[in-house]
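**Q** In the order they appear, the protein sequences are chains G and W. Under the numbering used here, think of the first position of the first sequence as 1, with each following residue one higher. Under the numbering used here, think of the first position of the second sequence as 317, with each following residue one higher.
Wrong hints could be hidden among the right ones.
Derived lysine to any residue pairs resembling SDA-like cross-links, with alpha carbons at most 20 Å apart [said to hold, decoys possible]: (1) 446/W x 217/G; (2) 255/G x 217/G; (3) 82/G x 440/W; (4) 82/G x 435/W; (5) 446/W x 82/G.
None of these hints come from the bench; they were simulated from the model. Note that the structure is predicted; figures quoted are calculated from it, not measured.
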Amino acid sequence: MAGLITMDDLTNEQIINILDDATRLLPVAKGELYLPLLQGRILGNLFFEPSTRTRMSFETAMKRLGGDVVNLGDVKNSSVVKGETLFDTIQMVDGYTDIIAMRHPRQGAAQYAQDSARVPIMNGGDGAGHHPTQTMLDLFTIRQAHGTLEGLKVVLAGDLRYGRTVHSLSHALTRFGSELVFASPKLLKMPEEIVSDLREHGANVVETEDLLGSINDADVVYMTRIQKERFADEDEYARCAGAYKLHADHLSEVKSEMIIMHPLPRVDEIHASVDSTRHACYFNQAFNGVVARMALICYLLKVPVPMDVESEGGVI
Amino acid sequence: MSNEHSMRRVTAIRNGTVIDHIPSGQALRVLEMLGIGGKSSVPVSLVMNVPSKKMGAKDIIKVEDRELTQTELDRLALVAPDAHVAIIRAYSVAEKLTINLGSEVSNVVRCTFSNCITTNHREPLPHRLKVISRDPLHIRCHYCGRPQDLDELIKNVL
C-alpha cells in the first residue's frame, strides 16, 4: 500500500482533498468531538532520531481518531543497536501495525522502508531529505490563514541549506504558483540544485540576504533556526544570525494578514515580542500538525472522512 | 573515412569483444566501468577520436579472449548507451549484443551519496538508480533521490 515519502506522491488535487478533510476534522483534533474513525487500527511510531512535535502529533492524531499507537522507543534500547537492518525492523513492525510513521538519520530510508513494507509508510524526515507531513501541516496553516494556496508571496528565511522543511515546502508551493523569496546568509543559501529544479518547474524565485527588506509585501514569512555549529567561528555566526531575527518592531509596515511561521523549536530568530502580534502563527502551526496528520492517516488507510463530521461525531 | 577504414586502425581479433560507436573520448571511462585496465591480463586495443559518419567522431575498443557478460553490458549502458557490441569468434562476428539503458538501473552501481540508506552493506534490497534523462544523462538514486555524477559512479560499481 502506498505511503507518503515525498510530496511528489500526491497530486495537487489529492493535497487539496486531504486539506479539506483536515478542515472538517478540526473539532475532533481539538477534542470537542469524538469520532473513532480509526478504531482498531494501530500506528507504528519508528523514530530512529529524536523528535518531539512530529512523534507526539502522530500519536495524538491516531488517538483522537480512536486508534492506537506502538512506539519503537529509545533506539539505544532497541534491536537497532544490535545491528538489525532497517529491512528487518520494518518486516517486524509491518506485521504489528496498519501504518508506520518514521524518522531516520539516513536519506532514502523512508523509500527503502516503503519498498520493504506492506503497510503505508509516512516519512517524518529522512536525513536532509524530505519531510512531507510537515509540508502538509504548513500548507494547511497557510490555506487556513489566506483561504488559498495559489499566488501567494512566501519568504523563507534562515538556514535554507540544511533545512529539509523548507526544501519540501518550496517544491509544494511552486506547484501552487507561489512567488518565493529565499532570504539567508550566503553560507546557508538554498542549494543550487533545488533552486534550478524549482525554476525548471516554473517557480518565480528571488534570492537575497536582506530579510527585513523582503517582508513588507509578503503573505507568509517562514522562519527557520540558524545553528551555531554551521559556522567556522562565533563572530561569523553572531553577525549572520543577527540579521535573521524578527522583532515586533520590524512588523509595523507588513500586510495585516501576513503570517509568521516556524517549524519550531525556535531559539532567538523570533523574539517573544512577536508572540502577541496578530502575525504569530507558529503555535497554531504546531497544533495543525495533529489535524493534518489525522487527515493524512485516513487518506492513506482509505478511511473516508464524513462530509458532516459534526453529526457523525459524538460528545466526549 | 569509412567505418571499415576506422576499424582497420587496429588489427582484427580472433576471439573476444569489439565495442564500437563509443562516444568520442569515453573509451577510458568504458574500460574503467568494465574493470578492464592495466591489471587485467587480456590484450586490449583502443582507438580514440576516429571519424564516424554517424557520430562525427567515436572511440573503439577491442578486448581479446573475453566476451562481455550481461552484467558488464548493464554497466556499459551507463557510459555508452548507444555503443555497438559484437562478440567475435574465429575472426567472425558470432553475436551482436544489445545494450539497453532502461528507466532504471538495478544492482549495477551503488549510490554515491555517503548518507544514503544503501551505504549500509547489510541492507538487502537492490541498489536502484532511476534514469531521469538519457541525453544528457541524468540519474538519481531511487531511495535518497540524489543526482549521481558519472565519474563518482564508476568508483561504485558493484
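**Q** Hints first: check each against the structure and report whether it holds.
**A** Evaluated hints:
1. Between residue 446/W and residue 217/G the CA atoms are separated by roughly 41 Å; this puts the pair beyond 20 Å, and the hint is violated.
2. The straight-line distance between the Cα atoms of residue 255/G and residue 217/G is roughly 6 Å, inside the 20 Å bound, and the hint therefore holds.
3. Taking the CA atoms of residue 82/G and residue 440/W, the gap is about 17 Å. The hint holds against a cut of 20 Å.
4. Taking the CA atoms of residue 82/G and residue 435/W, the gap is near 18 Å; set against the 20 Å cutoff, the hint holds.
5. For the given pair, residue 446/W sits about 32 Å from residue 82/G by alpha-carbon distance, which is inconsistent with the 20 Å threshold.
Going down the numbered hints, you'll see the structure goes against 1, 5, while the others check out.
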